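Undergrad: Work the whole structure out from these sequences, hints included.
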Amino acid sequence: MRLRIGGRLLAELGWWRLALLGPFLLLSVARAFVVLAPHAAGQWLVPLLVALFIGSQHRRRPDLAFLQLTAPSFRPWLAAEYGLWSVPAVAALLAFGQLGAALLTLGLAVAAAWLPAAWPQDSKKRRRSLVRSEALELVSGLRQTAAAVWWPLLLAGAVWGRQYPEVPALALVVWLLLLAGCYGNPEPWTLLLPALRQPGAWLRRRVGLALLYLLLTAAPFAGLLALGPAGAGGAGLLLLGGAVLLTMVVLARYAFYPDALLVRLTQGAILSLALLAGQPVFPALLLVAFAGLLWKSRQRLSTFRQD
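If you count by numbering that gives the first Met the number 0, then the sequence shown holds residues 0 to 306, one letter each, in order.
What the hints contain is simulated information worked out from the structure, not anything from laboratory work.
For clarity, every value in this text was computed on a predicted model and none was experimentally measured.
Where hints are given, some of them may not hold.
[Said to hold, decoys possible] Per label pair, the in silico range of CB-to-CB distance:
(1) 73 with 47: 24 to 34 angstroms
(2) 290 with 70: 38 to 48 angstroms
(3) 73 with 214: 37 to 47 angstroms
C-beta atoms are modelled at their ideal positions from N, C-alpha and C, and glycine is treated no differently.
TA: Right, dumping it as structure tokens:
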């Protein structure tokens with residue numbers, strides 16, 4: 000059933016979208032594995048990244064309550080599925096002789112099947128936030144990705160390794176990825192009603208709030224980076240790059256609204272282009288993608304416009 004549903008979703012996306020998005024995703028993932036796997040310390044980031052990805056996808060699954068009712072012993076089947084998802088990372092680690100990190104990657108991927116849902120399925124049991132609807136996407140995303148738990152851990156790691164500029168920079172990049180994950184799920188159409196009159200103003204407000212969240216949460220990491228050898232210029236350049244990427248992630252959320260799968264694939268392709276930005280052609284592709292997302296998001300929201 001899972002294969003059949005996945006095939007239908009891929010058919011709905013279309014072959015040309017897969018042909019554009021697929022290679023960038025594969026290249027970025029392969030490059031990340033090749034860079035991290037042979038490194039003595041970087042190899043241990045692979046299990047962490049795999050666990051974060053699979054765990055966040057599992058906690059967002061809308062069918063967990065259905066599986067609990069129809070097949071109470073579904074967890075081992077999910078564990079086998081998640082184990083298959085981790086095979087590329089495990090294979091890359093084994094290729095470089097990193098047996099311990101490979102076993103940890105497989106174990107964390109399998110254990111993700113027993114994680115609870117991001118929130119109770121019954122809306123009456125959901126905790127009400129004190130933050131108003133302006134920050135709804137951030138509050139919802141922080142609950143789904145557990146980013147509020149990871150932020151102090153990343154900050155503590157950045158403080159501990161502040162004498163090395165790579166440590167605060169890596170912590171800032173990881174936090175940027177977690178913050179981008181908060182915008183993976185398109186909001187319900189009922190919350191999109193204010194956008195139906197002024198799509199442009201809506202997009203500017205969403206992007207502005209996202210950049211404000213980035214500035215407030217990334218300021219400690221940038222401060223540690225500025226006090227180190229990288230200086231204020233390096234910290235500002237990294238923040239500027241993060242702001243551009245986050246803007247594109249938010250635009251992708253509305254460019255393909257309300258198809259959550261296509262939104263996440265597009266956001267993944269954006270982050271993949273950023274990882275491959277060392278090659279001469281990819282910054283130009285990133286610029287073209289930025290302009291395309293800006294046009295597509297306005298055009299997509301305009302189809303729902305009501306005057």
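Undergrad: Now tell me if each hint is right for this structure.
TA: Verification of the hints:
Separated by about 26 angstroms at the C-beta atoms, residue 73 and residue 47 satisfy the suggested range of 24 to 34 angstroms. Taking the beta carbon of each, residue 290 and residue 70 are about 47 angstroms apart, inside 38 to 48 angstroms as hinted. Under the hint 37 to 47 angstroms, the C-beta atoms of residue 73 and residue 214, about 42 angstroms apart, fit the expected range.
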